[in-house]
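There are 2 protein chains.
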Amino acid sequence: MSELRKDPIVDRWVIIAAERGRRPSDFQSEPPPPPPAACPFCPGNEEKTPPEVYAVRDGTPPNSPGWQVRVVPNKFPALAIEGDVTHHGIGLLDWMTGVGAHEVVIESPDHQFRLERADPQHVLKVLQAFDQRLRDLRGDVRFRHIIVFRNWGAAAGASLIHPHSQIIALSIVPDIMKQKLRAARDHYRRKERCIFCDLIEQELALPDRVIYRNEHFVVLSPFAARFPFEVQIYPLAHMYDYTLMSREQQMGLIDALQFVLQRYDAELSDPPYNLMVQTAPNPLPRPGRPEFWGTLQYDFHWHLELIPRLTKPAGFEWGTGFFINPVSPEDAARFLRPPES
Amino acid sequence: MSELRKDPIVDRWVIIAAERGRRPSDFQSEPPPPPPAACPFCPGNEEKTPPEVYAVRDGTPPNSPGWQVRVVPNKFPALAIEGDVTHHGIGLLDWMTGVGAHEVVIESPDHQFRLERADPQHVLKVLQAFDQRLRDLRGDVRFRHIIVFRNWGAAAGASLIHPHSQIIALSIVPDIMKQKLRAARDHYRRKERCIFCDLIEQELALPDRVIYRNEHFVVLSPFAARFPFEVQIYPLAHMYDYTLMSREQQMGLIDALQFVLQRYDAELSDPPYNLMVQTAPNPLPRPGRPEFWGTLQYDFHWHLELIPRLTKPAGFEWGTGFFINPVSPEDAARFLRPPES
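From first to last, the protein sequence lines are chains A and B. Residue numbering for the first sequence follows our numbering, starting at 1 and increasing by one per position. Residue numbering for the second sequence follows our numbering, starting at 1 and increasing by one per position.
Same shape as in the complex, but just chain A:
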């Protein structure tokens, strides 16, 4: 069983997923991805994955071909779905049982599926799969925070080629999210405004870092981007949670996301990248346990983060938490804007 362990000095948690344990020699080289015929995510190979928890189908039976989007538990989960979250400690060391959900969203039956060129109506089904899984997993009171992410390309950590995203539900709120919530709360107390809304307004006024906008979303080159060509996509209307989008807003998100991915492909030649959905932690429905994060999620403003993996964090970055970005965010915005502008 995996464990969540806290660093004894700083507030940093790590998942020790020892059932994934390998001997040192197993780290010499990455295993090659399976050939398409053996791809566990291709139609006809449904029995190679755990049974599906969600699928978009036209009347076909579960775990058979005939689906458009399919969500299954990860066959090698970082966290176990069964069991209670129990907390332990010896002296300076703190840990808890590694309970959580780890799911895979298979985005299309097509092994060659490209998110940036797909029919927006199909991408909508993928976004709605995220939405449905977030709603379902939030019903589990053991889970405090859920992240949806997509690794594209081996250099970005994708071990299988068939296009997919992943969902991980955690029993604690990550420190980075707590920092964002604290900043949002402090700003709201002083100004009665959302800090993210203020940032968007400021960036739109001096548009050096605005890459693209449509009616519902804006694509920004972050002022303090850690990575070259890093991008953030924000809903223009204040909205703390991903699942609150209207259908029209979902179509706006698809337009903005496909724009960014097409620009990455054109300017950076199909780079490896990570995509992360940053949405508010789960509400805490348990009466009698008022907790800080239970009420202040409303100050959050959900967004998408995209980082092409073109540079390698090294000793300086790991040792200080500082990043060196060799491309100014203003240059990155200029390169990524629509070619005609």
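Don't take each hint at face value.
For chains that are exact copies, the list does not tell them apart, and a pair is met inside one copy or across any two.
Pairs of lysine-lysine, DSSO-like flavour, derived with a Cα cap of 30 Å [claimed, not checked]: (1) LYS312 <-> LYS191; (2) LYS125 <-> LYS191; (3) LYS312 <-> LYS48; (4) LYS6 <-> LYS125; (5) LYS48 <-> LYS178; (6) LYS48 <-> LYS75; (7) LYS6 <-> LYS191; (8) LYS75 <-> LYS125; (9) LYS75 <-> LYS191; (10) LYS6 <-> LYS48; (11) LYS48 <-> LYS191; (12) LYS48 <-> LYS125; (13) LYS75 <-> LYS6; (14) LYS191 <-> LYS178; (15) LYS75 <-> LYS312.
Hints in this document: simulated from the structure, not taken from any laboratory.
On the provided structure of chain A, position chain B as indicated by the hints.
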């Protein structure tokens, strides 16, 4: 001129080193390292680097062959050595001028030098170069924190093959170091003991994660290691700063460090790795400006961190700050201990 920029939401600084700016197409592939004859760190090519700031020489003139260890400013520094640190802000955005030092420690004239198999007396000269540069850079009141690090292998970010370390002096104390200092202060207030000393004592009592020790240093597999086979090396005696080591302690460090690197080489086949020296921030000698970090550095306990680069942080890690480690620290300790034990 480069800039230090703060993320508008969380306390994270980034160095925007735009004079290193490249066009998107420059990121398609890494430039190959120069052939040995053109290696700027090899003897005879001294004019290919900026003039040296330190060298171990037997009477030969500066910037000529005949050195054993040579320290030069980085030819493409992330931070500029000239200028004042000035602070700026517009609305939610904060930045300062990118002033700092960025130096390269060329560890040997030998292009094929291997730190793990070198004569300890030669390694001592490298450690003393770190020591001397730390002392010298601390004389500059603009610098608040200095990190020494070594990237080994292209996958760990080393762009030149010739063995070298780097030193970066920053005008601010990184948040990760502030967190460590806060934890040390809180622990000392409650217990009148160093939190690192307590951790070392606890780990030595239950030696599941002890890899190696000698008279002066202990090598630990961290309880909440982020990476497989991550290692920390601590002086057994409380010592807040790297430059406080006696000659005997320096020889103990060389023994412990060469042990770890030899075990990495044997068990992981010469893996890429990052090595970081975590030492206390600089004292603040300026009268009339008492600041928190000026006095509490004494609670720190300096140490070395080593991370082999065998796994790739992906969307989950970048999105949450959590890491998934597929090797338990206890297994890692077992693999890395001396073979005969």
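Do the hints match the structure? See the list:
1. LYS312 <-> LYS191: neither (39 Å within a copy, 40 Å between copies)
2. LYS125 <-> LYS191: neither (38 Å within a copy, 56 Å between copies)
3. LYS312 <-> LYS48: between (34 Å within a copy, 25 Å between copies)
4. LYS6 <-> LYS125: Answer is neither; intra-copy 37 Å and inter-copy 37 Å both fail.
5. LYS48 <-> LYS178: Intra 38 Å, inter 48 Å, cutoff 30 Å: neither.
6. LYS48 <-> LYS75: Classified as within: same-chain Cα gap 9 Å, cross-chain 53 Å, threshold 30 Å.
7. LYS6 <-> LYS191: Result: close only across copies, 21 Å inter versus 35 Å intra.
8. LYS75 <-> LYS125: Within one copy only: 23 Å inside, 51 Å across.
9. LYS75 <-> LYS191: Neither way: LYS75 and LYS191 sit 47 Å apart in one copy and 46 Å across, limit 30 Å.
10. LYS6 <-> LYS48: neither (34 Å within a copy, 46 Å between copies)
11. LYS48 <-> LYS191: neither (53 Å within a copy, 55 Å between copies)
12. LYS48 <-> LYS125: within (23 Å within a copy, 57 Å between copies)
13. LYS75 <-> LYS6: Within. Shortest intra-copy distance 26 Å satisfies the 30 Å Cα cut-off; inter-copy 39 Å does not.
14. LYS191 <-> LYS178: both (20 Å within a copy, 28 Å between copies)
15. LYS75 <-> LYS312: both (29 Å within a copy, 19 Å between copies)
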